[in-house]
Amino acid sequence: MADPHSHPPAHGTSYDVTKDADTPGGLFAVYLVVLLLFATTFFVSSSGVLGRYALFVQLAIATVQAGVVAYYFMHLRQGDRVVTLTALASVFWTLILFVLFMSDYMTRHRVVTG
Amino acid sequence: MTPTANPRVQGVPGLTPPPPEPPPASPNYLENGTSLWSWLSTVDHKRIGILYLLTISAVFVLGGVAAGLVRLNLVTYNSGILSEDAYNRAFTAHGVLMLFFFLIPAVPAVLGNFLIPMMIGAKDLAFPKLNLASWYVFLVGLVFGAWAILNGGIDTGWTLYPPYSTRGSQSSVVPGVVGVFVSGFSSIMTGLNILVTVHKMRAPGMTWGRLPLFVWSLYATSLIQLLGTPVVAITLILLGVERVTGEGIFDPAIGGDPVLFQHLFWFYSHPAVYIMILPGFGVVSEVITCFSRKNIFGYHAVAWSSMGIAVVGFLLWAHHMFVAGISYYSALLFSFLSMLVAVPSAIKVFNWTATLYRGSITFQAPMLFVIGFIILFTVGGVTGLFLATLGTDIHLHDTYFVVAHFHFVMVGGMVLGYMAGLHFWWPKMTGRMYSDWWSRVSAAIIIVGFFLTFVPQFYIGYHGIPRRYPNYPPEFQIYHVLSTAGASILGLGYLIPALYLPLSLFYGEKAGANPWSATGLEWASPSPPPVFNFDEERMPVVVCGPYEYALGIDQLGRGLPEPPGPGGAEGPAGRAGVTGPAGPMQKETEVVG
Amino acid sequence: MSASTHAHSPVLKHHFNDLGQQHASERLGMWMFLATEVLFFGGVFGAYTCYRLWYPAEFELASSHLNKTFAGINTVLLITSSLTMTLAIRAAKLGDRAGLYRNLLLTFALGAAFMVIKGFEYAEDLHEHIVPGASFGGEIAADTAKHGLDAGKVRLFLCFYYVMTGIHGIHILVGLGVILWLVGQTYIGAIPPENYSTVECASLYWHLVDAIWLFLMPLLYLARGAVHYGH
Amino acid sequence: MNDLPPAVPVAASTHAVDFEYAFWYITAAVTVGSLAVFGALLYFCVAHRRGAEGTGSTPRILGSVRLELAWTLIPTVIFFSFFAVGAVVYSRAMRPPEDAMEVFVFGKQWMWKAQYPNGQRVIIGGNPRNMLPQEREKIGKLVLPVSTKDSRRPVRITLTSEDVIHDFGIPAFRSKMDALPGRYTTAWYEPTKVGEYHIFCDQYCGTWHSLMVGKVAVVPQDEFDRWLAGLSTAQGTEHPVDGSDAQEGRNLFLKLQCIKCHSANAEARAPVLEGLYGSRVPLKGGGAEIADEDYIRQSILKPRAKVVEGWEPVMPSYEGQLAEDDLEKVVRYIKSLRRGTTPDRTDRMPAPVGAPAERSPQAPPSSPEKK
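Quick note, the sequences are listed as chains A, B, C and D, same order.
Mind the numbering: the first sequence is residues 31 to 144 in the working numbering, read in order.
Mind the numbering: the second sequence is residues 155 to 747 in the working numbering, read in order.
Mind the numbering: the third sequence is residues 7 to 237 in the working numbering, read in order.
Mind the numbering: the fourth sequence is residues 253 to 623 in the working numbering, read in order.
Among the clues, some could well be false.
Just a few of them, taken from the derived set where beta-carbon distance is under 7 Å, the chain A residues facing chain B [said to hold, decoys possible]:
1. T53
2. D110
3. V112
4. W123
5. I126
6. F131
7. M132
8. T137
9. R138
It is worth saying that the hints were derived from the structure and are not from the lab.
Every residue, glycine too, gets a C-beta built ideally from N, C-alpha and C.
Kindly generate the complete structure, drawing on both the sequences and the hints.
Put into structure tokens, the structure is as follows:
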């Protein structure tokens, strides 16, 4: 947790917003990776190579894409711990929602007998 | 003066005598512009808190009137006073107004707004404009809600279950849904503001371990507001779309599952009851320490149990749905998880009780409300266990047992907590003291009226009488009559503060900066506080934890003034060491248990 | 106080001690808002997941009738706009006003193009009766019957399609508004490097909307699995 | 004022007795716990009030790890014992015995109807204003036989709704279950006390929710038999879902003589189709396939292409014999078949795929008897 004493002092040159600016080359590389992953998703779907498992592969790819976007484009790599915690919390709470309500939907058809 | 540093209080520079009254701030936040526009355009968190206070008080009256209609009608067993339709609309109005427009904003948006920046030593919340926007958004939501009510009302119950709400109901469901949806954004804005403020704007020395427990509980509350509200928002959108287009995601006609709505709805609405009750916990921790002159027993247990409730509270929503047709296995899982949330609540009650041990207890109105809170909340909490237990919930679900249970928690717990907080911080907010006698009378009447209202409902609930029933078997009439009689007493109890609190603004004794001799940073500032809360030149620097009543120092390390109550400065209990430099600084920490 | 060097900065708000605190607060606030957005979409994604598992065939059939070409182009547009938006932050940080303008306008143009294509796509869907409710019909209905599937569940998918893309579209429109506002702020010189976090916050939102689309694309348009239906 | 109800409500079923044990166990445990807290609270408030002791000085007590552990772990154990007791009671309430008599109950705004195994139907309560004139004259009761020690007479109630969500609750049996549109849910009782008890709709369902009430009458077995015999089956039809696709599919299934081979008796020449849909079918010559709609459809049109392991390829092709929409109906019917008799398949769970007659205009389907 951020200690109030640990705020970067905002005076002089020690707080310089330009020092962590991205390099265009790095951003382009990330961009190309995301595009490439999208092409993979498209290919997986249109070729039908993976059959029933296509969905899971596609969602895995989308997750990687979103992760890359978050880490590089959204500067998660530069953020403080609270920001990372916030991002993880949103994912964790979504998982709570999915896992617990799937516990109902995945087991409803299982008939209980005496 | 003999300054003796206590090694346990880190960084205490040395004891100073009780501070002199800070010079009257110029101007204080109330005097900083008196025009209506200066209020409507304010970005001062304290003024926004007051705006919320006025708004939700009006809502409380409206919701109370609706409750009165419901109770009145139940005096007859055949819906002899209102038509069934009017009754349905009345209880829906009561539920929607009280839950979404009163309980959820009550403590976070009124007391939280006012106090969080002051308690952590900040000049304002992190996003003052967002804060003002949240009030306007809340008003817009309220306008939609009022539109729904004036337009004939809603008859679906506050839970809005489809397919009744999407197909069956002939009432103004859509404006009501829009109102709730919009007010949800206001709740998110408040929560987000408080979270960022607590993370980023604490005064020097205000570490997480020194945060007042009210801040901890509001932090936990805000977490729920932030992460739960969006789910109900999307759910209400889906519901609205289905209502408007006649086909949608919960529609069983095309293979949709109405139980899905219940899942998504309760994913928010169950944690939402913790939005309502957690701030009350915070108030209790503040008040009970102050009026027993003790450190809180088990600071970390109380703080972390709030966080525990906030997280675990998201894991058990489906205990509202045990007989709704969810899977057998899922029901077992959710019942198991529901038991988990009872544990942190129990921890809190035990710690509060232990705090009183060997205290020096006085019984002004805030303390009376808090004692009422602990008793009623305990009853509400343990009756919740019957509903979390699968075998007993089958019978008790959707009966008056449930109604009594959540009123014990929401009204007995939360409203009393809110009243305690309002009475505790009223001198800080307004600079005036209210009538001590009348406030104690009102607390007593509310607690007695409350018991009479809701204890009979446990009984008829145990007999299986369903809720939302204007017609019921005649043999249960006597219990409903008792309940209505209790509700009248309860109403009277609420009426008294509605008189003496406003009157105190004109006739009340002027309050000093720290009338209760409390330790929080908010009491270091004059009453009412200046616009930026603290003297611009000397922003607070915190040196110790929040409840050093035994040592008699506040969080700035200064001695406390004499507390009010029997045996003032002259009395036998007077200067014998409640506060001041007479010796408490040498006090050793005692070990019990 | 050390903050006094910046006390006169027009960017520093009165209740913050220094710019570092202000930027950190703004960024944290925005991330928390994004967390609410994740859960907002999480709700409808969850609903989608359970029906998809119940009715795989109908969902895949309905998906195969949507226009993948439009959606694919749109995906590329959004990913590209994310890149230009990030370049705009870089320009703002470096005080490169021309670059900031250029990248903001490019982002706006890409986002607007997305919406235009989306509009064409909706028009085509309406024309082909790919809609839930009474107007459901045309080729998709015939195809449903041909494969012996339940038209109701195909319509259920279409409910999801319109709700999810509709809410996403509204988010894009809001984002476009914010970008226009940023362009105005740049014009009046309100975005010096020390106020770059305004651009950063807008970009966080824009990236999230982009990331959500990256999930919508496979779920709605590329749902076809083992069984091949449609054209 | 009216006569007061009994202090403890009548427990008229085996489940009600289970409930009472669980209820009083929890009551006793939480009463002891709460009274301990209240006692301590009261004692501290009196003993430690300011002025009671000579000085206002208070000790600096910060807490105690041992106490915290104690009042964390002990309540946890107690709460989980509640869970365990509740889970046992719930499991019994959720598992109807195999030999239970099945009664369908369906709710609609704002009345309850019941249908007995042989098709006899009776209105068991509701708001008279929502009924047809002929229905209004025939408001009866849900009559059930009483169980004795020697003969247990469990009843399984299969619930559904025609419009919104209702809930079929009988306080005397301590039982309650939602009735949902498009789905089937189950409750069961073993009534043990002769008498007449309330039926309530417990899930808010609209304007006259509070009038959606009825009576259940528990009577001795012989009286029940007499009553049932006197109940005209003409009140209902044997196949109450007439009009649904799956029901028409069933008629085709009989008309096309499919039932001749696909039956459960010894002469069957083809597999039983119950529970086929969605299951994994082992094929002759190796391999297996999931029996989805496409598989069922292909098996009707080209039956000899994929023959199930253990059976001979004797089925004729129906290609060209069946119109597309008829084929669709038969597929629907086969999809709807589940273990046991047809409507059972939903037991207490939804049939997410292909329940026959979802939102049936009349009633849930009766069993298609395998003759």
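Tested hints:
1. Among the interface hints, the one on T53/A is violated; its C-beta lies about 29 Å from the nearest C-beta in chain B, farther than the 7 Å criterion.
2. For D110/A, the shortest C-beta to C-beta distance to chain B is roughly 9 Å, which exceeds 7 Å, and the interface hint is violated.
3. At a threshold of 7 Å, the smallest CB-CB gap from V112/A to chain B is about 5 Å, leaving the interface hint in force.
4. Given the 7 Å rule on beta carbons, the hint for W123/A holds: about 5 Å separates it from the nearest Cβ of chain B.
5. A least Cβ separation of about 5 Å between I126/A and chain B falls short of the 7 Å threshold, and the interface hint therefore holds.
6. Below 7 Å, beta-carbon pairs count as interface contacts, and F131/A has one with chain B at about 5 Å; its hint therefore holds.
7. The interface hint given for M132/A is broken, as the beta carbon of that residue sits about 9 Å from the closest beta carbon of chain B, more than 7 Å.
8. Interface hint at T137/A: satisfied, since its Cβ lies 4 Å from the closest Cβ of chain B, which is below the 7 Å cut-off.
9. Look at R138/A: its Cβ gets to within about 4 Å of chain B, closer than 7 Å, so that hint holds up.
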